[in-house]
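First to last, the sequence lines map onto chains A and B. Numbering-wise (our numbering), the first sequence opens with residue 1 and increments by one. Numbering-wise (our numbering), the second sequence opens with residue 1 and increments by one.
Because the hints were derived from the structure by calculation, they are not lab data. Beta carbons: idealized from backbone N, C-alpha and C, even for Gly. Any given hint could be a false lead.
[Claimed, not checked] Under the rule of at most 27 Å between Cα atoms (straight-line distance), these lysine-lysine pairs were calculated in the DSSO-like manner:
no., chain 1, residue 1, chain 2, residue 2
1, B, Lys26, A, Lys42
2, A, Lys68, A, Lys56
3, B, Lys26, A, Lys99
[What the hints assert, rightly or not] Quick list of simulated restraints, FRET-style, between CB atoms:
no., chain 1, residue 1, chain 2, residue 2, range
4, B, Gln56, A, Gln58, 25 to 35 Å
5, B, Pro61, A, Thr10, 28 to 38 Å
6, B, Gly84, A, Arg61, 34 to 44 Å
7, A, Ser109, B, Leu39, 11 to 21 Å
8, A, Ser26, B, Gln56, 15 to 25 Å
9, A, Lys71, B, Glu51, 31 to 41 Å
10, B, Pro61, A, Ile111, 36 to 46 Å
11, A, Ala29, B, Gly96, 16 to 26 Å
12, A, Ala78, B, Pro70, 37 to 47 Å
13, B, Lys13, A, Ile111, 22 to 32 Å
14, A, Ile111, B, Asn71, 38 to 48 Å
15, B, Phe69, A, Glu15, 13 to 23 Å
16, B, Gln56, A, Pro104, 13 to 23 Å
[Stated by the list, open to error] A few chain A residues that face chain B, going by a derived Cβ cut-off under 10 Å, partial list only:
no., residue
17, Tyr36
18, Pro44
19, Asp49
20, Gly59
21, Gly83
22, Lys99
23, Val100
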Amino acid sequence: GESVGLHLPTLSVQEGDNSIINCAYSNSASDYFIWYKQESGKGPQFIIDIRSNMDKRQGQRVTVLLNKTVKHLSLQIAATQPGDSAVYFCAERETSYDKVIFGPGTSLSVIP
Amino acid sequence: DAGVTQSPTHLIKTRGQQVTLRCSPKSGHDTVSWYQQALGQGPQFIFQYYEEEERQRGNFPDRFSGHQFPNYSSELNVNALLLGDSALYLCASSRGTTNNEQFFGPGTRLTVL
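The following block holds chain A by itself, in its conformation from the complex:
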């Protein structure tokens, strides 16, 4: 069936560097995308979202880029901090359906 997938299962970055986490999606009807952060023992936490009528959206230290042509989504974290260490999930949603489809996740480790 349709699914959302990630290119890299793990990512290690030096503190202060920028991080880029990539995601590929396969459902061309998806029109809403979300990035979640999940720390150990906690539920996923909303980071940022983007609708399909946008290519880029910025938040505090985070930017999400959407390339609908190649069905690719990325999360950029500026000046990565130790507190950013977690598993990051991209997720997609189609307006006509209420369910959110999660990708398998990328584990981000920040090296002090």
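Using the hints, position chain B against chain A.
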């Protein structure tokens, strides 16, 4: 303002038993979705409740059922537990059903022996 709360935090059951998990949505939210997250994987959508009715369902057998109460809280019931049902069960709430931000609870860790 309390966020999404779930109970219990941990639960151990044996095969064949039945379990009920509970969720209270964030204040002001009327929609509850349930997810199953196996170890090392992303959450998988089970179903969503709005106005006390199941609106959407993922690829889960009928052993998984739910309910939403007038105060918007929800229960997830799993019958005839299998070893493979061991997972973290997450509840997420939102306001309405159209692409609104979902807030997740901490989850209930279910272990089936």
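Taking the hints in turn, this is what the structure says about them:
In summary, the hint linking Lys26 of chain B to Lys42 of chain A is supported, as the alpha carbons are separated by about 16 Å, within the 27 Å threshold. As the CA atoms of Lys68 of chain A and Lys56 of chain A are separated by approximately 11 Å, the hinted pair is consistent with the 27 Å bound. A threshold of 27 Å between alpha carbons decides the hint, and for Lys26 of chain B with Lys99 of chain A the separation of about 19 Å falls inside it, so the pair holds. Hint check: Gln56 of chain B to Gln58 of chain A, Cβ distance near 31 Å, so the stated range 25 to 35 Å holds.
Against the hinted window of 28 to 38 Å, the Cβ-Cβ separation of Pro61 of chain B and Thr10 of chain A comes to about 33 Å, which satisfies the hint. Separation of Gly84 of chain B from Arg61 of chain A is about 39 Å and conforms to the stated range, judged on CB atoms against 34 to 44 Å. Taking the beta carbon of each, Ser109 of chain A and Leu39 of chain B are about 18 Å apart, inside 11 to 21 Å as hinted. For Ser26 of chain A and Gln56 of chain B, the Cβ-Cβ distance of about 19 Å falls inside the hinted range of 15 to 25 Å, so the restraint holds.
Look at Lys71 of chain A against Glu51 of chain B: about 34 Å separates their beta carbons, and that is inside 31 to 41 Å. Taken as a hint, the range 36 to 46 Å holds for the pair Pro61 of chain B and Ile111 of chain A, whose Cβ atoms sit roughly 43 Å apart. The beta-carbon spacing between Ala29 of chain A and Gly96 of chain B, approximately 20 Å, falls within the hinted interval of 16 to 26 Å. At about 45 Å, the beta-carbon gap between Ala78 of chain A and Pro70 of chain B stays in the expected band of 37 to 47 Å.
With their beta carbons about 40 Å apart, Lys13 of chain B and Ile111 of chain A fall outside the hinted range of 22 to 32 Å. The hint said 38 to 48 Å for the Cβ distance between Ile111 of chain A and Asn71 of chain B, and at roughly 46 Å that hint holds. For the pair Phe69 of chain B and Glu15 of chain A, the beta carbons lie near 46 Å from each other, so the given range of 13 to 23 Å is not met. Checked against the hint of 13 to 23 Å, the C-beta distance between Gln56 of chain B and Pro104 of chain A comes to roughly 22 Å, which is consistent with it.
Below 10 Å, beta-carbon pairs count as interface contacts, and Tyr36 of chain A has one with chain B at about 8 Å; its hint therefore holds. The restraint placing Pro44 of chain A at the interface with chain B holds, with a minimum CB-CB distance near 5 Å, inside the 10 Å limit. With its C-beta approaching chain B no nearer than about 7 Å, Asp49 of chain A sits inside the 10 Å limit, and its interface hint holds. With 10 Å as the threshold, the beta carbon of Gly59 of chain A stays out of range of chain B, its nearest partner Cβ sitting at about 12 Å, so the hint is violated.
About 18 Å separates the beta-carbon of Gly83 of chain A from the nearest beta-carbon of chain B, more than 10 Å, and the hint is not met. Annotation: interface hint on Lys99 of chain A holds; nearest CB of chain B at approximately 4 Å, less than 10 Å. With a cut of 10 Å, the hint placing Val100 of chain A at the interface with chain B holds, because the nearest CB-to-CB distance is about 6 Å.
Going down the numbered hints, you'll see the structure goes against 13, 15, 20, 21, while the others check out.
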